[in-house]
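Asker: In case you want the letters, here they are:
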Amino acid sequence: MQVTRRRFFRVCANGVAGSSLALMGFSPGEALAETRHFKLTRSTETRNTCPYCSVGCGILMYSLGDRSKNVRSRIIHIEGDPDHPVNRGTLCPKGAGLLDFVHSPNRLTHPEVREPGGKEWKRIGWDEAFDRITKLMKDDRDANFIAKTDDGLTVNRWLTTGFLAASASSNESGYVTHKVVRALGMTAFDNQARV
Amino acid sequence: MTQHWEDIKNADLILIMGGNAAEAHPCGFKWVIEAKAQRKAKLVVVDPRFTRSASVADYYAPIRTGSDIAFLGGVINYLLTHDKIQHEYVKAYTDFSFLVKDEFQFADGIFSGYNPEKRSYDKSSWDYQLGADGFVKTDPTLQNPRCVYQLLKAHYARYTPEMVETVCGTPKDKFLKVCEMIAGCSTPDRTMTVMYALGWTQHSVGAQMIRTGAMVQLLLGNIGVAGGGVNALRGHSNIQGLTDLGLLSNTLPGYLTLPGDKEQDYAAYLAARTQKPLRPNQMSYWQNYPKFHVSLMKAWYGDAATKENNFCYDWLPKIDKLHDVLQVFEDMGQGKVNGYVCQGFNPLASFPNKAKIGGALAKLKYLVVIDPLATETSEFWQNFGPHNDVDPAAIQTTVFRLPSTCFAEEDGSIANSGRWLQWHWKGAEPPGEALGDGEIMAGLFLRLRAMYAKDGGAFPDPILKLTWKHRIPANPSSEELAKEYSGCALSDLADPKDPTKTLVKAGEQLAGFAQLRDDGSTASGCWIFSGAWTQAGNQMARRDNADPYGLGIAPGWAWAWPANRRILYNRASSDPSGKPWDPERRLVFWNGKSWGGADVPDMRPDAAPAENVGPFIMNPEGVARFFARGGLNEGPFPEHYEPFESPLDANPFHPQNPQAKSNPAARVFKGDMEAFGTPKEFPYAATTYRLTEHFHYWTKHVLTSAIIQPEQFVEIGAELAQEKGIAAGDRVKVRSNRGHIIAVAVVTKRIKALDVAGRKVHTVGIPIHWGFKGVAKNGYLANTLTPFVGDSNTQTPEFKSFLVDVEKVKG
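First to last, the protein sequences are chains B and D.
For the first sequence, counting from 1, position 177 maps to 177 in the numbering used here; every step adds exactly one.
For the second sequence, counting from 1, position 50 maps to 1050 in the numbering used here; every step adds exactly one.
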């Protein structure tokens, strides 16, 4: 039998320990009770892609919890995806540390605002954040939108608010961002491809 | 990439120049090692530093930063004068025989049509001679002095090995050794691949550096073949996708472009982009532009976009000029910008001249930062001692900071540098109250739409009518958005070959962009992504890694644009008769009836070789261009120009012409020209780069990365260190004309001084990864030092070549 690395992993965790002990005369029931299972066998595997450079290495994320309702998953381990045609299970020093990115102490957890001249952040709710930001955007757009140039050309653009998009966000986030930004008439618009 | 990562294993020679894959793209670099181990391929590295890529190279040649066009121009000259080119390929698949207008000229570093006041060219002379039939005139004998081959030969005759040594500091024998190795790939059965990254793009002549590399590859017949190509390794996980989706000042999804102010007429806008063939029988694929554009407008504006209202053409903003980030921060500094949104982008760290960027942000009325991490930009107003010495009380900007998800907490696709759209799945909930980027955009959009519906305001139509058919409007799902950009039929589509049959029913997903129509019956938000989500489901989520032809192509793994094609221009892998150049690497070939092979053919399937349909289907000529026509802003042939901060007083190619010292067409803002330093005050060349343990400004927030590379350092050659009395571990101050950083000195033999134009040039190496937020030791933003000038085509800043002084910090 050809045993791949992942199959070996599964077999080790679930069967071999028990069955080999059974061969030596121990009862399977007792033996299994003695076996220490790998922690990852009780976790949920999710396929993802490394968010750093653009090699696009496949990764496997392991989280505690079985995704049942009301269970909050927590990612406990990330490793390279051995099935992936490019990275074939490997990760670089950055990719190997991805778990610490997910759980960085500097992850932002709530909306906040720093008022003019202020020295600190103030926690706010999403509704307040969205309401205040869109009020500022609409006021600026209504005041400065250029429908026509002085010589009568229709241009429908808004130059006084700009937008930078993120080249680590998904295509779907990028697509919906582009749609909204252009509908507002913005042209001061770029992403990291510019630098 | 014209290729993809695994294809590197098919190369016989790998040239890494303007990049450092071993450190910056380690898991992709394994395919270089695979080529060396299995195919006995050779690796050549040309770089100012002896990088880790160089450390496993078969040959390394040093080069002065910013002089790559001189080096590659020298390679072109070598290949032409030693007759080491793939004759049949260049004759059939390039513009070698095309005749150029007599008005086109080049004299002392300047092409015809230059306006020094405007720093720009009138490009009308940079074009072909057209015959009465509307096609380009050619001379298949290549004897006409106005044919591209003759002009090319004359242009690069000046790029002698001696000049390369003078300009690049590369010793002549080393340069010639690299030329010999490259020349070995001019036969049809040997290929070179070129791997580059920001070491080529981040120069004031970056686009032309890449073009020169592509020209070398064309001479060798190495574009469109297995193991060949010009490969942008790219720096972010989805920078390819965001570019494809057109999130740039002047573009729309799928490399469509926004109209300029003068393009008031929709038909004229389309006509200008619907390129008619310039040679008989050519595909000239942009002839389909109207189908792509109308389908985009239908995706965005649905029923509101009708033939009668030109599919809402006037709802798109028109551009007066490029509003790239340098232009926007220039305007912001002048108080012309009130609001700015940074979604997963840290401009204070990422853009040149930090003092200018911070000063500009301080003039905003409001700044919105959407990010998973606490970035420097979000706290530009906070005092962090010498690392960010500002007075918060004096900064009147309101700053909002909104927490977003990271990769692990969302579903969706990202496109790697091989153009593969790979789907990923959510593994956990985000921390605290963080939301996905799509949900945040929906939160902003739905409120704006409600306000415009209730109160009116400036031009509300495009906001009110934007399609938003999501099951949960406040949280558009990635599945819904992917289906939207891939595209669907809006009414039954009749089969063009048999109108009694229906090809696609209304509401069904399209199979690909070939089904798009210009009559409003199809919708697709990004034509090149069409086919990513078909009626059969999500093609990006496929995970069959089988490689049926052994060429490293797994057609069932994820989905590559366009049309799941893995190698672009792959028809060029066969000779004009349709037979593979190399029987060992049968990529795409003619089987007597149609094109087929290991990859999806980049050719009309039934285009018999006798029809002479060229492989470069996006060009109206059907062939690749040595002569760029008006495609780039500083000339149809790449010419060496010095970086804006150069250790030399003049361009050695044009010592008497100050106009031709640096890129004559680069845009320089008032005040920035004055902020350039001189070699008298700042005698050392400097270049910024990345380390293998860090990713830009993210991983200083990551504990493992912070542990293995905890503190900011700069690299200084042993000779310079000795001159300046600097020992390894000393703290040094590195100054440019825009500011300074203080960091630990790593004294190294990896960066050697070079003899350039009669003087010794030292290079200081500056890794970029530190800042004043993170779990690593705080440091200075490296872009405190860099100059505010960009490439004249892309406006990508010149981060790779500038001037500094360095001194030991006492005590």
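Calculated directly from the structure, the hints in this document are not laboratory data.
Treat the hints with care, as some may be off.
Claimed, not checked - Here are the simulated DSS-like pairs of lysine-lysine, each with C-alpha atoms no more than 30 Å apart in a straight line: (1) Lys148/B <-> Lys1123/D; (2) Lys148/B <-> Lys138/B; (3) Lys1363/D <-> Lys122/B.
Claimed, not checked - Okay, the calculated bits of chain B under chain D, using three or more residues with CB under 8 Å as the criterion: (4) 66-75; (5) 102-115; (6) 145-159.
No experiment lies behind these values; they were computed from the predicted model shown.
Heads up, the beta-carbon is just placed ideally off N, CA and C, and yes, glycines get one too.
Asker: Give me the numbers of the hints this structure contradicts, sorted from smallest to largest.
Answerer: Hints that this structure does not satisfy do not exist here, as all of them hold.
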